[in-house]
Amino acid sequence: MMGAKRRRRSWPDNARMLGGIVRGKRTSLRVPTEADVAGLARLSAEMRVRGALTRAYWDEPAMPATWKERLAKQSEEKTSVLWAIESDGALIGSCRIEFSIDPGQFGSDGMGITHFTIDPDRWRQGLGSDAALTLHRWIFDIVHARFAHTELAAHNTGALRIAERLGYETYARGTDAHYGDGRYVDGLQLRMELATWDERWGATEREYPVPLGDELEA
Amino acid sequence: MLGPRLEGERGVTLITPTLDHVKRNWEWMTQPEATRFWGVRALDLRPEHAEKRFKENAADRTLVSWTIALDGEQVGMTGLFDIDWITRDAESGIFIGRHDLYGRGIASEAIRLRTRFAWDELRLHRVHNWIAVRNRGSRRANEKAGYRQMGRFTRSWYRSGQWHDEWLGELLHPDGV
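Going line by line, the protein sequences match chains A and B. Quick note: the first sequence uses the working numbering, first residue 1, plus one each step. Quick note: the second sequence uses the working numbering, first residue 1001, plus one each step.
Calculated from the structure, these hints are not laboratory results. In this text, a Cβ means the ideal position worked out from N, Cα and C, and glycines have one as well. Hints may contain errors.
Computed, partial: chain B to chain A, Cβ under 10 Å [stated by the list, open to error]:
| hint | residue |
| --- | --- |
| 1 | Asp1084 |
| 2 | Thr1087 |
| 3 | His1128 |
| 4 | Glu1170 |
| 5 | Gly1176 |
Work the whole structure out from these sequences, hints included.
So this is what it looks like as structure tokens:
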């Protein structure tokens, strides 16, 4: 119709802050719900998880009601996304990324992974690798971030192996940057570039593996 | 928290910030001369916002902030932020708003005072910071206080036609406390 304005598409805000489904081969990232609260609370209180991370899990142990409040608050966040990680229908972990929406903010157009946690009872089964690859498909293939970055404790060899395989490189090593289990440990700051993703994973890890042809635009 | 008065040399003193100091700092943060390597020159400059921010910072137990004074006159600010009381680690920062006073060693003396406070009064184990690689003055002032490079973050931000890398520095308590 001549003169009619095109309607602007409105984007559902809540799909951004509690992450939607991203499927891996053996794991899926999905929206965390109140049914996950007990599992998330258990992970936060697990000393093997705390010992592996460079800072507290998503948050500190708390009452179930507090965890529900945290989940509700997360759903309103504008600069972070939280996912539950699932395998065979069961919650096996969670992950969260942060980004900047301030214009010209230092490090903007990058994604920071604030935590990525797999249930210790499911460690060494390849689930972390699969979920990590899935998360990075979201970061690079869907969002097209310029880079991803994270920090890992130097003794967290399992996570470092996954990061290295993905394509992360260490850009800084902080001496005695973290304290736990009665000792200081160094903190490694790592970064992965979009170009690395494209080069290493672009041929096999596209969200939609079959490109749409130009003929569809005709 | 607001830092106590720390007397330094060559007329440099760290003093307890006031609301008027915050408002003056914010004016400087809108000026291109003082922000080539700092911030994006976009602020909520309403007085009520300054008061709210000042009160929040004063009540925040994870930071200590000071106003930098030269011969009794405000010239900038400095502080220790995101203090992790378990790891005893903090990020440090400094801003000299009076760009006509650059190169006079004010930042070096302010960093020396701030670092001594971090060790002797807060019993921190480590302080760290991020500085634009091209901000040679700030980098040298920090190096003079003992900061050493722990890494480099490439293409961190873009300004005036070029990418800027950042120098990541750290400093450990000299006695390993």
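Review point. Going by Cβ atoms only, is Asp1084/B closer than 10 Å to chain A?
Key: 8 Å, holds
Exercise for review: Identify whether the interface hint at Thr1087/B stands, where standing means a beta carbon of chain A within less than 10 Å of its own.
Suggested key: 4 Å, holds
Exercise for review: With chain A as the partner, please determine if His1128/B meets the hint condition of a C-beta pair closer than 10 Å.
Suggested key: His1128/B check passes; min Cβ-Cβ to chain A is 6 Å, inside 10 Å.
**Study point:** Interface hint status, Gly1176/B versus chain A (Cβ within 10 Å)
**Key:** 9 Å, holds
Review point. Taking 10 Å as the limit, does the beta-carbon of Glu1170/B come near enough to a beta-carbon in chain A?
Key: For Glu1170/B, the interface hint holds, since the closest Cβ of chain A sits about 6 Å away, which is under 10 Å.
In terms of the numbered hints stated before, the structure departs from none.
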